[in-house]
Amino acid sequence: MDDIFDSSLNLEEAHLKEGYADGYKDGLVAGKEEAEQVGLKVGFEVGEELGFYRGCVDVWNSVIRIEPERFSIRVRKSVKLMEELLEKYPLQDPENEQVQELMEGLRLKFRAVSATLGVKLEYHGYPKSISDGKDIEF
Numbered sequence: 001m002d003d004i005f006d007s008s009l010n011l012e013e014a015h016l017k018e019g020y021a022d023g024y025k026d027g028l029v030a031g032k033e034e035a036e037q038v039g040l041k042v043g044f045e046v047g048e049e050l051g052f053y054r055g056c057v058d059v060w061n062s063v064i065r066i067e068p069e070r071f072s073i074r075v076r077k078s079v080k081l082m083e084e085l086l087e088k089y090p091l092q093d094p095e096n097e098q099v100q101e102l103m104e105g106l107r108l109k110f111r112a113v114s115a116t117l118g119v120k121l122e123y124h125g126y127p128k129s130i131s132d133g134k135d136i137e138f
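Residue numbers (UniProt numbering): 1 to 138.
Quick caveat, the hints were computed from the structure, so don't treat them as lab data. Treat each hint with caution, since some may be false.
In silico DSSO-like pairs for lysine-lysine, Cα to Cα no more than 30 angstroms straight-line [claimed, not checked]: (1) Lys80 x Lys32; (2) Lys25 x Lys41; (3) Lys41 x Lys120; (4) Lys41 x Lys88; (5) Lys17 x Lys32; (6) Lys88 x Lys120.
The following label-pair restraints were derived from C-beta to C-beta distances [unchecked claim]: (7) Ser62 x Glu122: 14 to 22 angstroms; (8) Lys88 x Ala35: 25 to 33 angstroms; (9) Glu122 x Ile66: 23 to 31 angstroms; (10) Gly55 x Glu104: 37 to 45 angstroms; (11) Asp26 x Asp58: 42 to 50 angstroms.
All residues carry an ideal CB built from backbone N, CA and C; glycine is no exception.
Start from the sequences, fold in the hints, and give me the full structure.
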């Protein structure tokens, strides 16, 4: 008689373990999908910001080549340092521990060059809708 009642007494625990195992399995699948989406979004945002800085450096370097006397030595050096930081950025290794440090260095150099030149350039990111695009300042 103990064997018959024993299985019914452990029914709740058996369902709990089964539910946990099913939830864990489903969570692994959902977690991988969500991680992929977050990775794509963050990767796009990082690439977009790096592209913005690359574009600024390319324009500044073009003007420096044409009229070097228009830029102080300090600005030319800062632009060169920005270019070096862009080249050092590990695009193929997003888990590299230097990515945050390099991005922060790029942001600081960008702000320094913009302030020194007296221009108001800000990176706001890709507009989410058409109406958001009206507020972008270059």
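Checked hints:
Under the criterion of a C-alpha separation no larger than 30 angstroms, the hint pairing Lys80 with Lys32 is inconsistent with the structure, at around 40 angstroms. For the hint linking Lys25 to Lys41, the alpha-carbon distance of about 25 angstroms falls within 30 angstroms, and the restraint holds. For the given pair, Lys41 sits about 27 angstroms from Lys120 by alpha-carbon distance, which is consistent with the 30 angstroms threshold. With a C-alpha separation of about 22 angstroms, the suggested pair Lys41 and Lys88 falls inside the 30 angstroms cut-off, and the hint holds.
For the hint linking Lys17 to Lys32, the alpha-carbon distance of about 23 angstroms falls within 30 angstroms, and the restraint holds. Among the hinted pairs, Lys88 with Lys120 is consistent with the structure: their alpha-carbon atoms are about 26 angstroms apart, no more than 30 angstroms. Here the CB-CB span from Ser62 to Glu122 is close to 21 angstroms, well matched to the stated 14 to 22 angstroms. Checked against the hint of 25 to 33 angstroms, the C-beta distance between Lys88 and Ala35 comes to roughly 27 angstroms, which is consistent with it.
Checked against the hint of 23 to 31 angstroms, the pair Glu122 and Ile66 passes, with Cβ atoms roughly 25 angstroms apart. Restraint check, Gly55 to Glu104: a C-beta distance of roughly 19 angstroms breaks the suggested window 37 to 45 angstroms. The given range of 42 to 50 angstroms is respected by Asp26 and Asp58, whose C-beta atoms sit roughly 48 angstroms from each other.
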